[in-house]
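*Asks:* Note that the protein sequences, when read in sequence, are chains C and A.
Once you know that position 280 of the first sequence is 280 in the numbering used here, the rest is easy, because the numbers rise by one and skip nothing.
Heads up, the numbering used here is the position in the second sequence plus 1000, with the first residue counted as 1.
These aren't lab readings, by the way, just hints derived from the structure by calculation.
Fair warning: there could be bad hints in the mix.
[As the list claims (entries may be wrong)] Computed list of chain A residues with no C-beta within reach of chain C, every gap over 10 angstroms: (1) 1128; (2) 1283; (3) 1304.
[Claimed, not checked] So the derived label-pair ranges between C-beta atoms look like this: (4) A:1262 - C:140: 27 to 35 angstroms; (5) C:141 - A:1259: 50 to 58 angstroms; (6) A:1211 - C:231: 31 to 39 angstroms; (7) C:122 - A:1291: 17 to 25 angstroms; (8) A:1026 - C:291: 41 to 49 angstroms; (9) C:37 - A:1140: 44 to 52 angstroms; (10) A:1153 - C:65: 53 to 61 angstroms; (11) A:1041 - C:291: 36 to 44 angstroms; (12) C:30 - A:1291: 39 to 47 angstroms; (13) C:267 - A:1233: 41 to 49 angstroms; (14) C:212 - A:1040: 54 to 62 angstroms; (15) A:1217 - C:232: 54 to 62 angstroms.
[What the hints assert, rightly or not] Derived list of chain A stretches under chain C, where covered just means 3 residues or more per stretch with a C-beta under 8 angstroms from a C-beta of chain C: (16) 1063-1071; (17) 1248-1258; (18) 1269-1278.
C-beta atoms are modelled at their ideal positions from N, C-alpha and C, and glycine is treated no differently.
2 protein chains.
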Amino acid sequence: MVGTSRASASAALVECVPNFSEGRRPEVMDAIQAAASSVDGPHVLDRHADAAHNRMVLTIAGPPGPVAEAAFRATATAAHLIDLEQHQGVHPRIGATDVVPFVPLGATDMRVCVELAVRVGRRIAAELDLPVYLYAEAARSPERRRLPDLRRGEYERLRAELASNPALAPDFGPARVGSAGATAVGARQPLIAYNVTLASDDLSVAMRIAREIRESSGGLPAVQARGFRTGDPNIVQVSMNLLDTRRTPMWLVFERISQRAADFGVSVLGSELVGLAPAAAISDVARHALLFDRFDANALIETRLLEQVLG
Amino acid sequence: MVGTSRASASAALVECVPNFSEGRRPEVMDAIQAAASSVDGPHVLDRHADAAHNRMVLTIAGPPGPVAEAAFRATATAAHLIDLEQHQGVHPRIGATDVVPFVPLGATDMRVCVELAVRVGRRIAAELDLPVYLYAEAARSPERRRLPDLRRGEYERLRAELASNPALAPDFGPARVGSAGATAVGARQPLIAYNVTLASDDLSVAMRIAREIRESSGGLPAVQARGFRTGDPNIVQVSMNLLDTRRTPMWLVFERISQRAADFGVSVLGSELVGLAPAAAISDVARHALLFDRFDANALIETRLLEQVLG
Chain C
1 MVGTSRASAS AALVECVPNF SEGRRPEVMD AIQAAASSVD GPHVLDRHAD AAHNRMVLTI
61 AGPPGPVAEA AFRATATAAH LIDLEQHQGV HPRIGATDVV PFVPLGATDM RVCVELAVRV
121 GRRIAAELDL PVYLYAEAAR SPERRRLPDL RRGEYERLRA ELASNPALAP DFGPARVGSA
181 GATAVGARQP LIAYNVTLAS DDLSVAMRIA REIRESSGGL PAVQARGFRT GDPNIVQVSM
241 NLLDTRRTPM WLVFERISQR AADFGVSVLG SELVGLAPAA AISDVARHAL LFDRFDANAL
301 IETRLLEQVL G
Chain A
1001 MVGTSRASAS AALVECVPNF SEGRRPEVMD AIQAAASSVD GPHVLDRHAD AAHNRMVLTI
1061 AGPPGPVAEA AFRATATAAH LIDLEQHQGV HPRIGATDVV PFVPLGATDM RVCVELAVRV
1121 GRRIAAELDL PVYLYAEAAR SPERRRLPDL RRGEYERLRA ELASNPALAP DFGPARVGSA
1181 GATAVGARQP LIAYNVTLAS DDLSVAMRIA REIRESSGGL PAVQARGFRT GDPNIVQVSM
1241 NLLDTRRTPM WLVFERISQR AADFGVSVLG SELVGLAPAA AISDVARHAL LFDRFDANAL
1301 IETRLLEQVL G
């Protein structure tokens, strides 16, 4: 007899974090959120709006099918209520629903999210008659992996060039934009904002380590890094975004920084997380530390419980 | 704008794993489970019955109040339907509802479960007129911490001695038993079944390390350990139950075994988990490995999500 719950099968669990080009009109934001909430099953966990960006982000979580339905309904509502010709904000955007990323939770495979992105992208194109670009893990060409590349020139460029420039041809839907613009639909890992603090007053050490470990300077894949001062003049930090801890796990980042700091005669004080981390990334740290053969987020009581409750 | 969900407040989340002295009559087990399921809020995640033990275990999870209500209703139903005078099984038991342990999930504090045990124990005594013993973390004296001590002589001893033996006086309720017997209500950490495998054909190494690290031989607190052979003649294992990873964390167990194995010239091959682990224990491994100042199960997306969905 055991004291823990053991779910026999593991249900897929995903998060969707759609971004809408409206951060000022409450009635429009409410309508979009209501559309997402009208589906039985997923939970709208968070709504974050920014007036300067003129942009709203919803966080929706649950089993794949209902989350996809919620994302679609929100996208349809945004297409009816947001006019890109009237939209201004400091954040780059290509459409009323600008991006629709699907993110695996628990031990869910990335392929589930890629399939979901393709399915929802196809449906947005077919039913809403919008151009759709697949991006990140769902991208079908390297130049569409990164959102900044995809969004270059924004909605205004699409309006001017989409019909005539084959490089802008959408993955699904018409080669023309209306007032709802276009939508990027993709799949990606959750982003982890992770800092390592160093016992040094020398910012150049943190900057140099950051340069060595970040992908853009030839370092670790899926790592963005910068050196910063902190509130304490004797502590500097390497501040990072980890974009995919399957490619570069947290323990490897920590090990690499510790080694390079030691080379500079500097000791590592500690780690800090800004915000939350996915159970998969933390389980992988434990797997490495304790030499588990197999160990993933599905070995956690809480993850199994979540799958059972939401699935 | 962030891609992760950030819940502002953290809701308590608990598991209750009540054990009932009925593992043979489906209609009785169904009635008890139905009573637990009749409460809105908690989820009955699992039901495990064993005919030889003549015993059933339910796993109920959710916010504290509703879980307590579900546990109480199941206890009331069991008291009506189970007659200890008729009950036979190989598992020791003192009552129709034998034990009601509350277990913290996520980053929930043990105190929440201790308070819950006291509240539910008091209610079982008052409304069902049953003797109630508080055990484990909720125990009010050292000799009531361990269930085997509490259950010595079982129901039959209570029937014979409860009225006359002051050492058996219950924490709540009458000093007499009826056909529903008595109930132990307590609070405890989730149990983790954890093995470390060693590259050795010498069972005595595993047995010796097990003896050194287990609490009963003066080793690490809240650790039970035995040495075993495995299917591979060149691999032995130290097989453990970790009863409270706040007192002895997993990384300390692994470190201690690794050190002692090295003393014997034996290398550690790896770790394995039998069943599931709580997010708190795994988060603590990551905290230690990456030198996080603060890091607990509340830093996991999935735990926050679970609290939000169930809370």
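*Asks:* Decide, hint by hint, whether the structure agrees.
*Replies:* The hints, checked one at a time:
{"no.": "1", "hint": "1128", "verdict": "holds (23 angstroms)"}
{"no.": "2", "hint": "1283", "verdict": "violated (6 angstroms)"}
{"no.": "3", "hint": "1304", "verdict": "violated (6 angstroms)"}
{"no.": "4", "hint": "A:1262 - C:140: 27 to 35 angstroms", "verdict": "violated (51 angstroms)"}
{"no.": "5", "hint": "C:141 - A:1259: 50 to 58 angstroms", "verdict": "holds (52 angstroms)"}
{"no.": "6", "hint": "A:1211 - C:231: 31 to 39 angstroms", "verdict": "violated (50 angstroms)"}
{"no.": "7", "hint": "C:122 - A:1291: 17 to 25 angstroms", "verdict": "violated (46 angstroms)"}
{"no.": "8", "hint": "A:1026 - C:291: 41 to 49 angstroms", "verdict": "holds (44 angstroms)"}
{"no.": "9", "hint": "C:37 - A:1140: 44 to 52 angstroms", "verdict": "holds (47 angstroms)"}
{"no.": "10", "hint": "A:1153 - C:65: 53 to 61 angstroms", "verdict": "holds (55 angstroms)"}
{"no.": "11", "hint": "A:1041 - C:291: 36 to 44 angstroms", "verdict": "holds (40 angstroms)"}
{"no.": "12", "hint": "C:30 - A:1291: 39 to 47 angstroms", "verdict": "holds (44 angstroms)"}
{"no.": "13", "hint": "C:267 - A:1233: 41 to 49 angstroms", "verdict": "holds (45 angstroms)"}
{"no.": "14", "hint": "C:212 - A:1040: 54 to 62 angstroms", "verdict": "holds (55 angstroms)"}
{"no.": "15", "hint": "A:1217 - C:232: 54 to 62 angstroms", "verdict": "violated (45 angstroms)"}
{"no.": "16", "hint": "1063-1071", "verdict": "violated (count 0)"}
{"no.": "17", "hint": "1248-1258", "verdict": "holds (count 3)"}
{"no.": "18", "hint": "1269-1278", "verdict": "holds (count 9)"}
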